[in-house]
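Chemist: Chain R is fixed; fit chain S onto it per the hints.
Here's the letter readout for the chains.
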Amino acid sequence: MAGETILEVKNLVKYFPITKGFIFQRQVGAVKAVDDVSFSIRQGETLGLVGESGCGKTTTGRVILRLMEPTSGEASFEGRNIFKLSKEELRRMRRNMQIIFQDPYSSLNPRMTVGDIIGEPLEIHNLARGKEKVRRVQELLDVVGLSPYHANRYPHEFSGGQRQRIGIARALAVNPKLIICDEPVSALDVSIQAQVLNLLEELQKEFGLTYLFIAHDLSVVKHISDRIAVMYLGRIVEVAPTEELFANPQHPYTEALLSAVPIPDPGMRRQRIILPGDVPSPINPPKGCRFHTRCNYVQDRCRVNDQPLLDVGSGHYVACEVLPFKHQRSKAAVLKAPTS
Amino acid sequence: MAEPLLSVRNLKTYFYTDEGVVRAVDGLTYDLHKGETLGIVGESGCGKSVHALSVMRLIPTPPGKIVEGEILFEGKNLLKLPDEEMRHIRGNRIAMIFQEPMTSLNPVLTIGEQIAEAVILHQKVDKKAAWERAIEMLERVKMPEARERVRDYPHQFSGGMRQRVMIAMALSCNPSVLIADEPTTALDVTIQAQILELVKELQREFNMAVIIITHNLGVVAEMTDNVVVMYAGRPVEHTEVRRIFQDPKHPYTWGLLHSIPKLYERKERLIPIEGQPPSLIDLPPGCAFAPRCPFAMEICVREDPPDYQIQAGHSAKCYLYSQHATEEDKRVAAKAGLAVSTRSS
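Protein sequences, first through last, are from chains R and S.
All residue numbers for the first sequence refer to the working numbering, where the first residue is 1 and numbers rise by one.
All residue numbers for the second sequence refer to the working numbering, where the first residue is 1 and numbers rise by one.
Treat the hints loosely; a few may be bogus.
[Stated by the list, open to error] Taking lysine-lysine pairs in the DSSO-like style, the calculated list, with each CA pair at most 27 Å apart, reads:
# : chain 1 : residue 1 : chain 2 : residue 2
1 : S       : 335       : S       : 267
2 : R       : 133       : R       : 205
3 : S       : 267       : R       : 205
4 : S       : 267       : R       : 177
5 : R       : 87        : R       : 133
6 : S       : 262       : R       : 205
Just so you know, these hints were derived from the structure itself, not from any lab.
Looking at chain R on its own, in the form it has when it is part of the complex (with noise of 0.2 Å):
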């Protein structure tokens, strides 16, 4: 599984800027979606990305193709800084890194025929032409689990889990070595969802494809990750191994997350930590920690300090001093108690 650094993601920001005036624009403000966000993703692995509306996980997984140009920080793919490439090498790069987008229903352009929706990366990449083209779609259609009289279909006769399967093959085309995954499962039926996660799976085997699964809805995430990242008002507050994070959350918003699911099983009890209030506005982030707002633990100095991710061992970081501490301190406590 873990195998080399396929992406590399250093200090990337992404600020939307808020303008006034009519004419004479100017800015009076920015949307701080991504703020100094770093993380790297092996081949072969799937990093999942959770986290709230408007956390900034989208933003971030759209600049990093360049699908929207960064504020700053810097990305690199196999060694390259992806926000350095001229437009002509970007094209190239874009063959590498393919994406899947939420909504299979304004992704997939109405007047365009399936086969030609799935051809058309074909032919911008020089990949195949003609008959062979006709062949490659028709492979990729089977790939998905459609038929290959599907290619001369349009998308509006398809349901949302075959429409998915069809910007799956589009991303598949290419064969690309990255594939980002925008909620990829959220707008589709419980039914159907379990479908596209293990066609998605099946296809990481086959092609060895790495992933970024971007998405709000935990147990998904927890499902396909390797590792996830939770983010909270454009910043990564913890990144664990899958198991670990939950078996183990170091940070008080991924804690209060996981209690917040609810679980279907109602012999299941479990002590719930309701949040107070709403996520603050990106435009004016909280000094200090962004989180301290709404945190249960929050001492004087989170007020004050930004905490930076700090690493708690076994590939666990986390950006909390405080939450760590304390369960150290249990878990020393239940060492020495004599129960089971």
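Modeler: This is chain S only, laid out in the frame that chain R set:
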């Protein structure tokens, strides 16, 4: 058991469209008692929301029509009431909250005006008292600085706060039944947790019966006492919440539970339900789930199964529980993990 507060009997709501008749709700029956929480679960298009609109008598006619059935509220059949009397019940005795709090609030009225409007309409109070009631309700749903925010417009609130406004409005007349149609689907998980907790608290406080309509099995497990599972307009299983999760009897319920990834369980592979939900226009003659059912028998594609009582308070619409199922059929299902025999539980 006491007389049910709300009793839906064999409800059928159809829509007459150019393409054909859409059987959105096709034979739904349940009882709701005082203080109870009933969950209605199913995927999009299974008829769960249309059922709610039917109870409120808000089905647009045409094209929709309630073609059969009874909706008894405190013994009165709502479907036979004149419009004027129905207006006294709707929003007053039976209230509803919707999925999308932004589109269900009026953007050009302050939230105070909207809550007060409902109060003035149903209770004989003057404007001032209604306004005070609006503030009181906002405080009850834990709106911070309610007295100031009552003058704000919907767009000035976050999604979670808007849903609180909806709840305040729904509860402003002390309803005895609250229908919540996907109340938290549009919200983030941490906000969802706040709202669910609030609904639970208010339910106790107001001693209401609640119907929660959702596709989220986690919400069902945490909130409800009894559950109706719907598929393609038809109720396929009906029992108390524990049995749904621990001993599901209908292959659809069983499949649904196996297809979702669980937070505290490790699974290498999900077991999806193959195929996709049918179009409600030309449903096959047999069981609507038969084309996707791994245990479908010959009779399932020919005839729609009736409800089979499996034990007290647990019924499933499936031929596996009839004499049509051979020992072999039951063995195959049991081997796959669907406990057909009633003794196993």
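Chemist: If a hint holds in the structure, say so; if it does not, say that too.
Modeler: Each hint, compared with the structure:
no.: 1; hint: S:335 / S:267; in the structure: holds, 19 Å
no.: 2; hint: R:133 / R:205; in the structure: holds, 24 Å
no.: 3; hint: S:267 / R:205; in the structure: holds, 16 Å
no.: 4; hint: S:267 / R:177; in the structure: holds, 26 Å
no.: 5; hint: R:87 / R:133; in the structure: holds, 25 Å
no.: 6; hint: S:262 / R:205; in the structure: holds, 22 Å
In this structure, none of the earlier numbered hints is contradicted; all agree with it.
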